[in-house]
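From first to last, the protein sequence lines stand for chains V and Y. Count the first sequence with my numbering and you get residues 1 to 577, in order. Count the second sequence with my numbering and you get residues 1 to 336, in order.
Just so you know, the hints here were simulated from the structure itself, not pulled from any lab data. By construction, the Cβ of each residue, glycine as well, lies at the ideal position given by its N, Cα and C atoms. Treat each hint with caution, since some may be false.
[To be verified] So the derived list for chain V, only partly shown, Cβ under 7 Å to chain Y, looks like this: (1) Gly-80; (2) Arg-81; (3) Gln-125; (4) Asp-214; (5) Arg-217; (6) Val-219.
[Stated by the list, open to error] Chain V stretches covered by chain Y per the calculated footprint, using a threshold of three residues with CB under 8 Å from any CB of chain Y: (7) 62-68; (8) 106-113; (9) 192-206.
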Amino acid sequence: MNDAVTNPHDDAVAAASLVAVAAHDLGGLVLAGLGGPGRDSIARFLEAELADGQAIRVPPGVAPDALLGGLDLAATLAAGRPILQPGLLSRANAGLVVVPMAERADQSCVAAIANALDTGVVDVQRDGLATRCAAKFAVLACDESLADDAPPAAALVDRLAFRVDAAFLEPALLADRWPDHAAVAAARTRYRSVALPDEPLRLLVTAAAAFGIDSPRAVLLASFAARAYAALAGRDVVSDDDASHAARLVYASRVRMLPPDLASDSTPPPPDETDASGDERGADDGSDQPLSDQVLEAIAAAIPAALLARLERRGAVRGGARGRGDQQTRSHSRGRPAGTEHFRRGSGQRLHVLSTLRAAAPWQRLRGADKRLEIRSADLRASRRLAPTRSTTIFAVDASGSAAVQRLAEVKGAIELLLAECYVRRDEVALIVFRGEAPECLLPPTRSLARVKRELAALPGGGGTPLASALDMAATMARAVQRDDKRALVVVMTDGRGNVGRDGTPGHPDAADHALDAARGLADVGAATLIIDTGRRPRDACRELAAAADADYLPLPYADAQSVAAAIRSTGASRAA
Amino acid sequence: MSAFPFTAIVGQDEMRQALLISAVDPNVGGVLVFGDRGTGKSTAVRALAGLLPKIAVRENCHYNTSPDGSRCAGCSCVGGGKQAKQVQIPVVDLPLGVTEDRVVGALDIEKALAHGEKAFEPGLLARANRGFLYVDEVNLLEDHIIDLLLDVAATGENVVEREGLSVRHPARFVLVGSGNPEEGELRPQLLDRFGLSVSIATPTDIEQRVEIVRRRDDFERDPVAFRRRWSSRESKVRRQILAARDALHDVDVPDAAIRRAAELCVAAGTDGLRGELTLVRAARALAALRDLTEVGEAELKAVAPAALGHRLRRDPLDDAAAGVRVSRALDSVFTA
Numbered sequence: 001m002n003d004a005v006t007n008p009h010d011d012a013v014a015a016a017s018l019v020a021v022a023a024h025d026l027g028g029l030v031l032a033g034l035g036g037p038g039r040d041s042i043a044r045f046l047e048a049e050l051a052d053g054q055a056i057r058v059p060p061g062v063a064p065d066a067l068l069g070g071l072d073l074a075a076t077l078a079a080g081r082p083i084l085q086p087g088l089l090s091r092a093n094a095g096l097v098v099v100p101m102a103e104r105a106d107q108s109c110v111a112a113i114a115n116a117l118d119t120g121v122v123d124v125q126r127d128g129l130a131t132r133c134a135a136k137f138a139v140l141a142c143d144e145s146l147a148d149d150a151p152p153a154a155a156l157v158d159r160l161a162f163r164v165d166a167a168f169l170e171p172a173l174l175a176d177r178w179p180d181h182a183a184v185a186a187a188r189t190r191y192r193s194v195a196l197p198d199e200p201l202r203l204l205v206t207a208a209a210a211f212g213i214d215s216p217r218a219v220l221l222a223s224f225a226a227r228a229y230a231a232l233a234g235r236d237v238v239s240d241d242d243a244s245h246a247a248r249l250v251y252a253s254r255v256r257m258l259p260p261d262l263a264s265d266s267t268p269p270p271p272d273e274t275d276a277s278g279d280e281r282g283a284d285d286g287s288d289q290p291l292s293d294q295v296l297e298a299i300a301a302a303i304p305a306a307l308l309a310r311l312e313r314r315g316a317v318r319g320g321a322r323g324r325g326d327q328q329t330r331s332h333s334r335g336r337p338a339g340t341e342h343f344r345r346g347s348g349q350r351l352h353v354l355s356t357l358r359a360a361a362p363w364q365r366l367r368g369a370d371k372r373l374e375i376r377s378a379d380l381r382a383s384r385r386l387a388p389t390r391s392t393t394i395f396a397v398d399a400s401g402s403a404a405v406q407r408l409a410e411v412k413g414a415i416e417l418l419l420a421e422c423y424v425r426r427d428e429v430a431l432i433v434f435r436g437e438a439p440e441c442l443l444p445p446t447r448s449l450a451r452v453k454r455e456l457a458a459l460p461g462g463g464g465t466p467l468a469s470a471l472d473m474a475a476t477m478a479r480a481v482q483r484d485d486k487r488a489l490v491v492v493m494t495d496g497r498g499n500v501g502r503d504g505t506p507g508h509p510d511a512a513d514h515a516l517d518a519a520r521g522l523a524d525v526g527a528a529t530l531i532i533d534t535g536r537r538p539r540d541a542c543r544e545l546a547a548a549a550d551a552d553y554l555p556l557p558y559a560d561a562q563s564v565a566a567a568i569r570s571t572g573a574s575r576a577a
Numbered sequence: 001m002s003a004f005p006f007t008a009i010v011g012q013d014e015m016r017q018a019l020l021i022s023a024v025d026p027n028v029g030g031v032l033v034f035g036d037r038g039t040g041k042s043t044a045v046r047a048l049a050g051l052l053p054k055i056a057v058r059e060n061c062h063y064n065t066s067p068d069g070s071r072c073a074g075c076s077c078v079g080g081g082k083q084a085k086q087v088q089i090p091v092v093d094l095p096l097g098v099t100e101d102r103v104v105g106a107l108d109i110e111k112a113l114a115h116g117e118k119a120f121e122p123g124l125l126a127r128a129n130r131g132f133l134y135v136d137e138v139n140l141l142e143d144h145i146i147d148l149l150l151d152v153a154a155t156g157e158n159v160v161e162r163e164g165l166s167v168r169h170p171a172r173f174v175l176v177g178s179g180n181p182e183e184g185e186l187r188p189q190l191l192d193r194f195g196l197s198v199s200i201a202t203p204t205d206i207e208q209r210v211e212i213v214r215r216r217d218d219f220e221r222d223p224v225a226f227r228r229r230w231s232s233r234e235s236k237v238r239r240q241i242l243a244a245r246d247a248l249h250d251v252d253v254p255d256a257a258i259r260r261a262a263e264l265c266v267a268a269g270t271d272g273l274r275g276e277l278t279l280v281r282a283a284r285a286l287a288a289l290r291d292l293t294e295v296g297e298a299e300l301k302a303v304a305p306a307a308l309g310h311r312l313r314r315d316p317l318d319d320a321a322a323g324v325r326v327s328r329a330l331d332s333v334f335t336a
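One chain only, chain V, in its complex shape:
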């Protein structure tokens, strides 16, 4: 029923053409890959078809008032009543919104676009304005994320029917495939009246189920695509063929699982390998699992909950941050606006003009102002901004021989628990491992926790303990994180028995002093630090280290020795089998 081989150029053109036909139902498309002639060609086609060549670009760091609309100050002052400066989304009404670097768009921006896609309007309730503006548009989201980056927000991607990988498309091959303008226009008129019989609809639904696609929205989008497909082909009724083409285009990027007997089925073929980047957190199969559940459970019972959160609060108190919540801190220049406050001269705040006017307005008569506004310094208001402070948790893990290889499993388990917490808090995670002569940065800060888990699973143990240089490395990394305006958390897991000097000399006589020195260096960075003692029993050396690093100290609780031993035996047995 399907063509055996599909040309990516055909698919790209089909996806873009369907969007051109049924823009508001299909939402738009995600263009993956770095900029290039192929991507430009698709963008130009959509821009010409949907926006008369005038697409609205929504840059990733766009401010809410630019996006949704805000007060037009000059006009407001001239008219004496609030005048709206329309936002980008309402200016894009009946047109096309291009989101370059969609993976960088922040959550509030994505939510605003998603809401407009759902409702077709922008509800402006800002700065004394209360109005609704029409905002029906299609979205072209450019996804330039690379393997390490977080992909664009699911809330946006989920609402756009197609994903096209534009990296390897050749404009020359695209050029003679585009439908002409008249054909698109005719299909657009026809689209509304195309009927969707039960048979192809059922095909769409069962195909979605077979590929593990849960969202009813995906099926709905596929049904719109099928009708657009029929309309482009000049038919009034959706055929099974239209449906399977549509299913292939819409479902390709959404596949969660492959049906067991793919070959014998009439359902669409699996997607090309190109979109494997989708769902990394789900990649949690048994082989990655370094520990048996038994061990994990034993450790889970022993580790206090919300360890990182508590640590971070401590860090916030120590750092003297003035933030209200534990997630955000006040900042003058960055972050989302969060109300206004009195303006303090020379504090680097940004003046909030509307609130200033509001504060001044009631007093104009009293101050005897006639034509000109009289504004006094007490009227001045500044925007208060809350910069979301992301945290980066740096794990420095002692995998040396002395760190009791038999406890390495527990350490890994403990880290997995902490990782789960990081995931909830959307933290970045970095992993430093030290064994042998020098520490190694296994992972620079990343948000892909799946990668951390994988690295951890493969972690071997044994060798010397270059504790001092590991602490140095953690301190350097924490500084870099802080420079990036993020909060650094350092979690060191060691038994505190450093035996490699700062210079990498094994068995250095002053290794312990070097480690203490390095710990003091870490204290200077001012990052919240936790030292987890992984020794057989809590040791003074580790406690001293924690004191020098101005860190919290936590002996890794010794899970009931027998059950741990039994668990390790059983892991060992299953490995051997």
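For chain V, the structure is supplied; the task is to place chain Y on it using the hints.
For chain Y alone, coordinates are given in the frame of chain V:
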């Protein structure tokens, strides 16, 4: 923009039941709908707006006050009795990116600039009085806006002290929130303000999924005809809500039912007394909807998951099991 008819929503019985209960008895305290993307959360809430009966309000009142009560201060509304008018129960959207001044109200900038007059321009909280306040993507709402909501939702009154204004006005509303848990957790304080919380999942039944797409597709193609086809079912539910609102105070809650509710809360391990209260109120509203004169066990069972699921003491390692814990409690209480 015409909304999708409430009665045309396929499945999602728990969510529909919770929304209807909140329409019958606003004192139940709002509904939180958490679920996957694209499962029709916001569709259902917007559909509810089309279903709500009318209420009597004073002419020209900013705050939708009832003609029976006393006049509201600082409002241009005129007296009760004959000057009342019938309006649809408001469902006010709290859009993302809303600013503080629009939520609580602020100095009317036009009057201030043009006439030097100090007047209060009511915000969304005023408009939502006696109605619904809907926050889509409630977990993405900014913290300082949430703080405002928490305060007002607790007291039922909006107190504005800013820009030389000093205004207080009634702001009793049913808070309805929806969101996707993957995009962020909800602050426990806000969670607690919702009377009922339902989490909805994608239906897995093929026939049901075909029907969802079929109806949605029909609606998108011709909303007017679609609404006409569903109008008689819509008005039937509307009458049901009205009748239940009238009957609510006559529904008897026997001591046995209250005892059962308390037992349930103990068995499920909820904090505080709000659980029992919500459970009983919701069961009473459901009994009214079912045209019963007395709350029975069936009603308690039906509302227990929504009333208690989000009030269980938190167990960080056993997070997904809220529903399981409630049904365990149900089993133990009702078989004993």
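Next item on the list: Quick one: see if chain Y covers the region 62-68 of chain V, three-plus residues with Cβ-Cβ under 8 Å.
Entry: Coverage by chain Y holds for the region 62-68 of chain V (3 residues, Cβ < 8 Å).
Check: Against chain Y, is V:Gly-80 within 7 Å by beta-carbon distance?
Finding: With Cβ-Cβ at 4 Å, under 7 Å, it holds.
Checklist line | Verdict on chain Y covering the region 106-113 of chain V, where coverage means 3 or more residues with a C-beta closer than 8 Å | finding: holds (count 4)
Next item on the list: Against chain Y, run the beta carbon of V:Arg-217 and see if the smallest gap drops under 7 Å.
Entry: holds (3 Å)
Notebook entry, point to check: Count the residues of the region 192-206 of chain V with a beta-carbon closer than 8 Å to any beta-carbon of chain Y: does the count reach three?
Noted result: holds (count 8)
Checklist line | Restraint satisfaction for V:Gln-125 [CB to CB of chain Y, less than 7 Å] | finding: holds (4 Å)
Margin query: Does V:Val-219 hold up as a contact with chain Y if the rule is Cβ-Cβ below 7 Å?
Written below: holds (5 Å)
Note to self: Min Cβ distance, V:Asp-214 to chain Y: is it shorter than 7 Å?
What the structure shows: Interface hint status for V:Asp-214: holds (4 Å vs cutoff 7 Å).
Note to self: Quick check on V:Arg-81 please, does its C-beta sit within 7 Å of some C-beta on chain Y?
What the structure shows: With Cβ-Cβ at 4 Å, under 7 Å, it holds.
Of the numbered hints listed earlier, not one is contradicted by the structure.
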